[in-house]
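Colleague: Sequence lines, in order, name chains Y and Z.
The first sequence begins at 1 in UniProt numbering and counts up one residue at a time.
The second sequence begins at 1 in UniProt numbering and counts up one residue at a time.
Simulated from the structure, these hints should not be mistaken for laboratory data.
Don't take every hint at face value.
Where chains are identical, the list cannot tell them apart; a pair therefore holds if satisfied intra-copy or between any two copies.
As the list claims (entries may be wrong) - Here are the simulated EDC-like cross-link-like pairs (lysine to aspartate or glutamate), alpha carbons at most 16 Å apart as the crow flies:
hint, residue 1, residue 2
1, Lys209, Glu72
2, Lys183, Asp25
3, Lys195, Glu304
4, Lys43, Asp184
5, Lys150, Asp187
6, Lys284, Glu190
7, Lys227, Glu9
8, Lys43, Glu216
One-letter residues, chain by chain:
Protein chains: 2
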Amino acid sequence: MQIKVNLKENAYQVYIDELENLEFDTKVFILSNPKISGFHLKKLLNKIKAKEIFIATIKDGEEYKNLNTIEEILNQMFNSKLDRKSILISFGGGVISDMGGFAASIYKRGIDFINIPTTLLACVDAAVGGKTGINNSFGKNLIGTFYQPKAVYCESEFLRTLGERELAAGMAEFIKMAVIFDKDLLDFIESMDEKAFLSAKCENEIFSKIIAKSIELKAKVVEQDEKENHLRMLLNYGHTFAHVIENLTKYSVYLHGEAVAIGMNMANHLALNLSLLSEKECDKIEQILKKFNLPTRYKIDNVEAFYEAFFMDKKNSNRKLNFILINSLGRGLIKGDIDPKDIIKTLKEFS
Amino acid sequence: MQIKVNLKENAYQVYIDELENLEFDTKVFILSNPKISGFHLKKLLNKIKAKEIFIATIKDGEEYKNLNTIEEILNQMFNSKLDRKSILISFGGGVISDMGGFAASIYKRGIDFINIPTTLLACVDAAVGGKTGINNSFGKNLIGTFYQPKAVYCESEFLRTLGERELAAGMAEFIKMAVIFDKDLLDFIESMDEKAFLSAKCENEIFSKIIAKSIELKAKVVEQDEKENHLRMLLNYGHTFAHVIENLTKYSVYLHGEAVAIGMNMANHLALNLSLLSEKECDKIEQILKKFNLPTRYKIDNVEAFYEAFFMDKKNSNRKLNFILINSLGRGLIKGDIDPKDIIKTLKEFS
């Protein structure tokens with residue numbers, strides 16, 4: 001299956017379960033991590049022909065997604081004497097695709113890169129859309145570029161080795177897409193066999209369907225608003241809360257998708273307090289998240305500090321907070337000018 | 001005077017001696033160095049109104065143009081809580097504009113920036129064209145982005161405090177433009193009163209003319225080939241040699257323009273050996289460079305090592321060397337497939 005991301009300047013294809021043989025007349029630099037390479041690199045290498053292939057692995061984990069690691073990657077790229085026609089392949093989860101894309105975008109002022117995601121979360125979200133970036137002490141993804149891949153290859157095969165938590169975390173971003181854009185899709189998710197899915201014993205078709213649907217929805221958004229001036233902001237549903245939680249827990253307690261699941265529920269409680277969402281709808285979303293064993297609660301120790309941390313998010317300029325909320329299932333909206341009292345009230349419900 | 005740089009996506013104006021009052025409805029972050037701020041910041045601040053103004057200075061010099069300094073700049077930007085609508089102003093020479101542009105391009109995936117160059121070299125070259133970047137141990141400007149400024153303001157006033165060497169270094173890039181594109185301009189340079197110019201005692205009109213002419217020529221090139229696929233490579237005349245010289249001397253012996261002056265003369269000797277250029281033309285260019293007290297010779301200690309260092313340059317992919325040479329005054333060309341013997345022979349002439 002193929003889905004086109006139809007950007008004016010940088011259109012590209014996302015291939016789902018279509019990775020056969022890739023031939024390159026250039027050098028190829030594969031960026032991965034030790035775990036993923038151990039599981040899948042041999043399979044990938046069997047499918048790639050290139051002038052020369054270099055393989056670099058970096059430490060796994062959001063806590064290493066920083067400028068030091070970027071410097072390490074760049075040094076390895078220079079050691080491999082990559083030129084401007086060389087291609088970087090990000091082979092891993094969201095951390096790898098965010099960092100590989102960023103390194104590619106600044107190496108010799110930009111070389112091409114391809115994403116081959118190996119987590120469900122990266123398939124449904126991180127690998128498509130051209131956001132690259134790293135974290136620093138001020139917050140998440142605060143340094144980066146908009147830089148589109150030349151192609152994305154999602155393979156169900158690579159998802160078979162994922163654990164239950166990782167599959168659920170990917171599901172969280174998929175549920176997010178359904179909640180903000182597509183009520184029918186949410187009904188489909190509700191009807192899914194979660195046990196088969198979480199044990200990775202479902203059909204390949206289930207993976208393909210989830211990935212394809214998510215990318216179709218995301219492609220439409222990115223095509224209309226590549227640089228996130230308006231519509232694309234909807235994709236941050238749950239993320240304003242999630243980024244604070246991830247930062248407070250130093251990226252070591254929750255997988256990104258898990259933090260997003262909690263963030264969605266927090267956003268829904270805010271929407272409930274603003275009478276945008278009914279209690280029934282709020283509950284329904286929480287039940288769907290729970291069905292996939294996703295967390296939906298986080299105990300806020302210091303409400304003031306949590307509130308203050310919102311302002312370090314990229315999107316919250318000039319102390320103006322925008323929240324992505326839901327006003328009915330399948331319909332997200334951007335909400336500014338919320339009375340701080342309502343926000344604090346919501347946070348207190350989690351304290 | 002105004003010159004439009006007419007890029008498809010990111011057109012902008014270069015204003016020459018037209019900096020009156022700049023008003024911003026946003027935060028403004030001025031990046032400069034201690035010396036420039038001491039000389040000119042007060043004058044600049046008198047002309048800027050903004051919501052909030054932050055001033056950050058970084059150490060002066062090419063040896064600090066690295067990823068550590070970028071991290072420092074970014075941290076100061078985060079401390080100033082700049083949002084996506086904030087504007088960075090690079091106020092300084094080429095080092096400042098290259099680093100300010102790069103920091104702006106990766107801060108929260110890109111904010112706007114404006115160049116206000118304070119060296120002649122930055123006015124005639126670095127401030128226009130959208131190349132941003134830093135050096136690393138592998139070479140010069142190897143990490144960076146293509147990222148265009150929103151506007152450029154060149155002011156003769158800021159050039160009055162420059163020393164003789166700095167003015168001559170700027171002249172080197174101007175002479176470069178004339179040699180590759182415009183024989184009449186070269187004749188004008190030959191007729192200039194170099195004493196008045198080098199002591200910064202010439203008319204403002206001389207500065208304006210030099211800057212305007214150089215930017216007009218550069219704008220035409222960048223408009224046709226923003227990402228340096230072909231035509232823009234001509235602007236690297238002299239630079240293939242210069243980058244090696246700067247790297248070998250650790251950026252501490254020559255100003256960039258001085259290294260370029262030597263590099264042009266080396267390129268001309270290569271062109272002479274290839275019978276592209278006559279001895280008379282080669283001499284004429286060297287005399288014009290010398291007229292402005294520019295160096296034209298560098299003693300190469302190790303010819304083999306010098307030759308090998310060419311291959312770290314961004315442009316020399318897959319061990320294929322391209323040189324920018326002159327085949328008559330005002331006409332540059334890209335020359336590949338040169339017999340290594342001819343290159344080595346030329347390098348030996350300087351050993």
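Colleague: Confirm or reject each hint.
Modeller: Now the hints, each set against the structure:
1. Within a single copy, lysine 209 and glutamate 72 get their C-alpha atoms no closer than 37 Å, and across copies no closer than 45 Å, so neither meets the 16 Å cut-off.
2. For the identical chains of this complex, lysine 183 and aspartate 25 are neighbours neither inside a copy (45 Å) nor across copies (41 Å), given an alpha-carbon limit of 16 Å.
3. Proximity of lysine 195 and glutamate 304 under a CA criterion of 16 Å is satisfied in neither setting, with 39 Å inside one chain copy and 65 Å between copies.
4. Proximity of lysine 43 to aspartate 184 under the C-alpha cut-off of 16 Å is found in neither arrangement, the shortest distances being 36 Å within a copy and 62 Å between copies.
5. When the C-alpha separation of lysine 150 and aspartate 187 is checked against a cutoff of 16 Å, the pair qualifies neither within a copy, at 33 Å, nor between copies, at 47 Å.
6. Only within a single protomer do lysine 284 and glutamate 190 lie at most 16 Å apart by alpha-carbon distance; the minimum there is 9 Å, versus 80 Å between protomers.
7. Proximity of lysine 227 to glutamate 9 under the C-alpha cut-off of 16 Å is found in both arrangements, the shortest distances being 13 Å within a copy and 14 Å between copies.
8. When the C-alpha separation of lysine 43 and glutamate 216 is checked against a cutoff of 16 Å, the pair qualifies neither within a copy, at 27 Å, nor between copies, at 53 Å.
Hints 1, 2, 3, 4, 5 and 8, counting from the list given before, are not met by this structure.
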